[in-house]
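A.B. asks: Whole structure, please, built from the sequences with the hints as guidance.
Protein chains: 2
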Amino acid sequence: MMRLLLISSSNVYGYGFLDHAEPEILRVLGGRRSIAFVPFAQHDHDAYTLIVRERFARMDVEVTQVRDANDIENAQAIFIGGGNTFRLLKAMYDRSLIAPIQRRVCDEGVPYIGSSAGTNVACPTIMTTNDMPIVYPPSFAALGLVRFQINPHYLDVDADSTHKGETREERILQFLEDNATPVIGLREGTMIAVENHTTTLLGLQSARLFQRGAEPMELEAGSAIAL
Amino acid sequence: MMRLLLISSSNVYGYGFLDHAEPEILRVLGGRRSIAFVPFAQHDHDAYTLIVRERFARMDVEVTQVRDANDIENAQAIFIGGGNTFRLLKAMYDRSLIAPIQRRVCDEGVPYIGSSAGTNVACPTIMTTNDMPIVYPPSFAALGLVRFQINPHYLDVDADSTHKGETREERILQFLEDNATPVIGLREGTMIAVENHTTTLLGLQSARLFQRGAEPMELEAGSAIAL
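One line per chain: the protein sequences are F and S, in this order. Heads up: the first sequence begins at 108 in this note's numbering, then just goes up one per residue. Heads up: the second sequence begins at 108 in this note's numbering, then just goes up one per residue.
Quick caveat, the hints were computed from the structure, so don't treat them as lab data. Backbone N, C-alpha and C fix where the C-beta goes; we use that ideal spot for every residue, glycine too. Watch out, some of these pointers could steer you wrong.
Computed footprint of chain S on chain F, listed as stretches where at least three residues anywhere in the stretch have a Cβ under 8 Å from a Cβ of chain S [stated by the list, open to error]: (1) 112 to 119; (2) 131 to 144; (3) 273 to 286.
C.D. replies: Spelled out as structure tokens, the structure:
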């Protein structure tokens, strides 16, 4: 029985690092006092781990740094942090972490926490990331812990903008021209929890659901998501 | 001797489609009255071609729609339009267009005009696109008509933003953590012309140059670029 917490972003305006998610992090950990941290979305793995270790210490949770599949085998819980999604996914392939994480999370119920890039890789593919494709992963296929795509840091259209680049909504509609998987635009400050086979939207704002052939619609905070 | 015009975006605030670039388009065409249009960055190739055909008709230039490599062989000039860069590059591989375009532009001096995604694919790779990775191309390697990377639609940091996603500058600095190729952040309304072995920044604004190990710096409009 899977236990997932998929966070839009670790940083939210007005809050410190992971502060807005702390109650939900403690809930999904269910009393576990150790977590294996996957730092590969950022360039300096050790520096990133120190920041995360300090933050989890304030929750009385010990952080171990993941380097290879053995560290996944020994994990009581797994946290994949944000940064660049392409870099993260490539490192997960290079270090053969995909299958071990899938097995431990899907089959053994090890809690999985992802934030931003760590939320992208929990989806079937990384095809709805916002990140720049700075490295070429061997595939865009990711962990597939959920059956829908998430777009983290979802941003509403700014009607006053003079910028002519695609809006986030336009980019997601492009995705749906070429793919049939639904996409949840997850605004900063919100997260998706999966527990007891129920998927719930948490946080202070609604999320935006995009499905092929339907108008985009809002999912209310606190509501169950059936996709 | 290459003739390139690499436009940041076809649409610019306050202008109609390609209006701001019309004088430069006519200059790079050097009297040619026909251009082969590559429409693969957008989903509906025929609809996209109609829009481009109407726009070039107002410049007295006939537009043919590229479907395969034969259309490249017969081209007097080539225009690759904007849309999704991943979709565009994948189609260029699927239709075996890469080598023919390189040969005609680099060896035979056929003028090349790119806008947005069409500018991304003129670079060594598409690793500095802003687009969502909605399809998986067989490589990120692109035409390599220039030796530097371009980030089209370059956006300055908005100091008032409460959004916590990476800024454009942060994304380009991530690229430079993993790659050594310089990157030019090309603001909307600006373009890069290559002619007589000289690379020139055109338009009303400066561009921002990012190089590994150096502070980002501004390139002035009208100045020659030596990279």
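A.B. asks: All the hints need checking, so say for each whether the structure fits it.
C.D. replies: Going down the list of hints, with the structure as the test:
no.: 1; hint: 112 to 119; in the structure: holds (count 3)
no.: 2; hint: 131 to 144; in the structure: violated (count 0)
no.: 3; hint: 273 to 286; in the structure: holds (count 8)
In terms of the numbered hints stated before, the structure departs from hint 2 and from no other.
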